[in-house]
Amino acid sequence: MSTSAFKTTRRQLLQSAAAGAALSAITHPAWAQSAPAVPLDEYEPTYFSAQEWAFILAATARLIPSEGDGPGAIEARVPVFIDLQLAGDFGIAADWYMDGPHDPAAPAQLGYQSPLNPAEVYRAAIAELDDWCSEEHGAPFAELEAETQNAVLTALENGELTLSSTQGASFFGLLLQNTKEGYFADPKYGGNHGMAAWVHIGFPGARASFLEWVGIERAYPLGPVSIAGERA
Amino acid sequence: MATTAKKKDVVIVGLGWTGSILGMELCEEGLEVLALERGPDRDTVPDFKYPDVADELKYAIRYGFMQRPRNSTLTIRRTLEETALPYRSLGSFLPGDGVGGAGVHWNGHTWRPMAEELRLRSYVEETFGAEIIPEEMTLQDWGVDYAELEPYFDRFEKVAGIAGQAGNINGEVVEGGNPFEAPRSGDFPMPPLPQTVDALMFAEAARAMGYHPFPRPAANASQAYTNPYGMQLGPCNFCGFCERFGCLNYSKSSPQTCVMAALKRKPNFEYKVNSEVLRVELARDGRTATGVTYVTAEGEEVFQPADLVILAAYQLHNVHLMLLSGIGQPYDPITGEGVMGKNYAYQMNGGTSLFFKDVEFNPFVGAGSNGMVIDDFAINQIDFAAEGFIGGSYISSGTTNGQPIRSMRLPPDTPGWGGDWKKATKEWYGHSMSIGSHGSNMAYRDTYLDLDPTYQDRFGRPLLRMTFNWKPNDIRMTQFMKSKIEPIAESMNPDIMASGYKADGAMYDVRPYQTTHNVGGAIMGTDPTSSALNRYLQSWDVHNVFVMGANAFPQNIQYNPTGVVGALAYWSAEAIRTQYLPNPRPLI
Ligand SMILES: Cc1cc2nc3c(=O)[nH]c(=O)nc-3n(C[C@H](O)[C@H](O)[C@H](O)COP(=O)(O)OP(=O)(O)OC[C@H]3O[C@@H](n4cnc5c(N)ncnc54)[C@H](O)[C@@H]3O)c2cc1C
Ligand code: SF4
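Chain order of the listed sequences is A and B.
The first sequence maps to residues 5 to 236 in the numbering used here.
The second sequence maps to residues 32 to 619 in the numbering used here.
Looking at chain B on its own, in the form it has when it is part of the complex:
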């Protein structure tokens, strides 16, 4: 029997990027806010301090900051016919755990989407005709357009402190930036990071071929910076331990460095760690939530009443909690009816490795988001009808880490062990680079999330089940990128070159790390029959539940998601503050 806690105005589930932002915004309304975080508390000191955090085995290989599958995982299958099996140890994606969430151990590539991506179905229909959309592809518009979101991108970039070079300010193309990006209202808060040798070589080769290289927008500070919450960042020292690590230097934008200390000072804010939310409780009519039930570190169940419930638990967990709580009709892949779990998508990436005997790359000199990029093959630059696919990629090069266990790039004919392997590690460790493509991934009728019929978690709840596979449209897209990257690589005259792009028949493999860019499952849109959330991230069915995170993406953009996740959080917070709180109701 759960005990009942004292009522709060707002309960936030999860204290990562979106949870901390919503905490800040709603505290500013004077509301009593409680955040519940399932993992431990974490801060720069003691958790990310030098030298202990510079430990590849503990953090990058044994996943010290990530979710432990024993406590929380899901099952995965590739087709409707396959039996889903548990994701028993981490591989393909690495959800966060503890204060800061995945915002602790991300890389910090911080993008805005192309304007076209937010209304992709309309763009495709208007430009190429509806007939080019494959029948199984469940392409949708987001229900919000770029111009509406622009102030919120700007806001998130200022809070996070992004270093970059604008390419388009109010319609004026700016030299050195991305000429294909949607217009910004102003410059980045900080100038771009300096660049590593591989990035400089790539940019030169790309420029010589007539492309438009620009520095990757980075959540790694390039100089001293104070954000709108009064939080301070110091310049990144290219420590080479960024992705999968917490920042030892107060340089990587994270909930810790950008929000938490300011938030903790608010008298109306409270947070509890080691407190895992089991479900959202609904009123008898199912139209509103009454609060959430969570388990304390001691294993005690507590019912926390609240007027407003914010789900900010990361894409996968938001969808899981909604399915477990009976919010929204579960999606059925056979009939296409229902919305909860619909349109799961991922990220389609590829890359070419280049080996140069005589170039010293010093691959351990790296920042999470260092790199040069071209967007000449972005979504708004491709003739989908002519090329036979819908999608696009950015193409980039830049060292983010050279830790030797996981970043030992060797020529393709090197044996995996023995004397020749040992010799090759010396010959090539400091002498290779790569050019990667980071691309969109569409959603399909049979890529979705539901509850697993067999496997349960430690609380006896069914695990989430993912059904996902690579599809011909996206494989054609990545093969197109290969045909663009290889000539750039060849023009650089490497001694050896090796490509890795998904080809026909590729099946999803959960073992190698790909990205933690899981999207969809509780998507936003304009119509309750085809989306779980309205354009303000409010549940269509339960109006006092707002859901933050990449679960809102109807299909995946070609960029890393967090720039959009952050902007949508501010957009939703503004709607809650100005429209919902004065008159709580379905906003649409």
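Extracted from the complex, chain A is given alone in its bound form:
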């Protein structure tokens, strides 16, 4: 985004603030893009350590690569989303029943049974996986070739590579689910930057009013809006 666009945005914001609280709900500035964000390599994670952050940047970039049409996980700032989720209620399993006894060997169909919360699962899994990569491939995951990274993720996904430190939790399952969440969730959670993932698939975001388009077999013409009122 250019600096001049940023200035316009600031000015519009001030104007709408001046217009008063009652109006502000309906007179959101028509942002061309979201406000500029800290580059990912300068971002200071809330939950992750530097090594974990390097892993997350690398792994999510394989799960949703930048090549091809549409944003990758990096452009969508999925790593920021995951960092903030793990620092919040989701990370600490605030809503989950976590009392023991735990049976990490339980059938997967009986659901999450690990004693670790998601934040702990990420921490343990990344450490174990980086150790494994260093032993097998001579470097931590983030420093491997894309092809090798893909092979490691595939092995994790199909169970050829298992992590004992997660005590039964599927780290790959969590990572993939959180990556897709960060790609498609409202930008207020730090991912889906500029609503680019919504533009990619044609989802109009938080518009939530379509009575005039029921039964119409043409593509809906309007682009997405976010909960904060941004447009793309």
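Quick caveat, the hints were computed from the structure, so don't treat them as lab data.
Just so it is clear, CB atoms sit at the ideal spot from N, CA and C, and this is done for glycine as well.
Accuracy of the hints is not assured; some may be wrong.
[What the hints assert, rightly or not] If you want the ones that stay clear, here's a sample from chain B, every Cβ over 10 Å from chain A, calculated: (1) E59; (2) E235; (3) K297; (4) V304; (5) E368; (6) E517.
[To be verified] In silico lysine to any residue, SDA-like type, Cα no more than 20 Å apart, as pairs: (7) B/K457 x A/A236; (8) B/K388 x A/E221; (9) A/K192 x B/I436; (10) B/K89 x A/A123; (11) B/K457 x A/E79; (12) B/K303 x B/V333; (13) B/K89 x A/Q181; (14) B/K454 x A/A223; (15) B/K388 x A/R222; (16) B/K388 x B/I527; (17) B/K39 x B/G61; (18) A/K192 x B/Y81; (19) B/K89 x B/N102; (20) B/K457 x A/V203; (21) B/K39 x B/N305; (22) B/K457 x B/R437; (23) B/K457 x B/P442; (24) B/K89 x A/G92; (25) B/K80 x B/Y94; (26) B/K89 x A/A91; (27) B/K388 x A/P225; (28) A/K192 x B/D78; (29) B/K454 x A/E79; (30) A/K192 x B/I92; (31) B/K89 x A/I96; (32) B/K89 x A/D99; (33) B/K295 x B/P259; (34) B/K89 x A/A232; (35) B/K37 x B/A314; (36) B/K39 x B/T327; (37) B/K454 x A/I78; (38) B/K454 x A/E151; (39) B/K388 x A/I220; (40) B/K457 x A/S70.
Model the placement of chain B with the ligands on the given structure of chain A, informed by the hints.
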């Protein structure tokens, strides 16, 4: 030591659909009514207002309006031999929490059952012979028949404001409705919703094959409407954020939009939120309840005396509270004796996805209950003896939401991640639809609820334990639906098609969402040795306890439950008002 509160005539446990209805009906008798709700207060504003509620992550993925397992959950096992483990995070079903209960975040498919379903054992015995009933299947009649309940279906549909097309009015078949439904005394209160592209395509294909498509009965208003309590609904705008969300538009029928504001105005009504009932207290002889004990938000225990206790806490919690309170003899799956917890059942669903490169479905244009349905393979249309199963399904198509995290339907050979996944999301997001079957599920000797021997809740009470698995009868039923749906789908010439139906050996998986249509466990019936409640939803054992909800179903119907849950609540309320209050006693 609990403090004792001032006595009330009636205490209601839970303030969802049934709790709010009973509150209204019993206040009209002039009784002093107190409702205790364990969750927070909720109303359209501020809790469901635009744009904040249009947040898929918060409400659909992190379950913002649902019960938190940390506060309340159960354990689950599939067989008597398996060790039950806690349902630690939500998946298969999503019980509600807070004022409105699951009535806030439901979809609103509002059905009447088939007349045959309410007397299923008798129907099967009379039509096909008792010998076709599998030995382990604990099939029962409900003890109330359709004609008796008809006025109460009508009442619930008018209060909730249901949009639909009648198919049978007083025995006359009406064009465009469901020709196989039981007779209605009148039309729906509102005309049907308009239909989305997928529903229209499905209806056309089904009609061409000689089936009888009709619009799904919807608790999403199709026009401005005022209900008998004076509550107003406005037309649904197909916002695409219905199921798992509260309605931003006063269009979805819920306790908030249909009952609560009228109820709050009654001077003899009071409700307390963040007040979780721990148990029903019984008199020394165990024949009557003296009230309930609950915990306040501050953690204080309070004994609330009352003459009449209404359990309206949702199926699972009603059964849990009854087991914890010692109401009724717990069921034993080995001997088959006892009634509390008996006959738990669920819902057997399947579906076929269709992908069309050139059709624009705009999947975000959706209402909770939009859709077209056929009932040509309903329970009263199938020869159970010939097909080798007992049950049936409705078959439907219609978009209810196209939120991209949870509704990203992709062709079966698409990888789960990587460049090809990203490409497929663009190619297919707006270009697929599905046809689903929504079917009955029978109860069996070993599908039941009891108290868990190991796990406890935050109050130190044993968790409820569910024993449930899919059975061959119901798997045959869903495979039969597959054989009917696939030809319809093929006739539509999709580019790609993929089916998902339970097959032989399928085990219950608690992870993917299926339905919040948990039924049974405190079932109604004609005999105290085989049911926990009599035909008026009164406990056989403790006559001043009446129990609302789908726990009363002896096995599950092929439809979504709330139409029946609502009608039974009015039926029971009428019995309380006209028979019980003048002379409190066991009504049977
Ligand atoms: C996502 C979803 C979609 C659904 N879609 C449909 C549909 O399309 N069609 C349909 O027919 N049905 C649907 N249902 C089911 C429908 O919501 C329920 O059948 C209906 O709400 C049941 O009403 P109820 O009064 O029994 O329970 P609820 O409405 O859930 O109310 C029970 C209340 O009791 C409270 N409570 C529980 N325990 C206690 C306690 N110990 N002390 C105090 N309060 C307590 C709860 O917090 C809750 O507020 C859906 C459900 C969900 C979750
Ligand atoms: S789809 Fe209709 S009824 Fe459902 S939440 Fe949206 S506006 Fe309300």
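Tell me, which hint numbers fail for this structure? Per hint list: zero violations.
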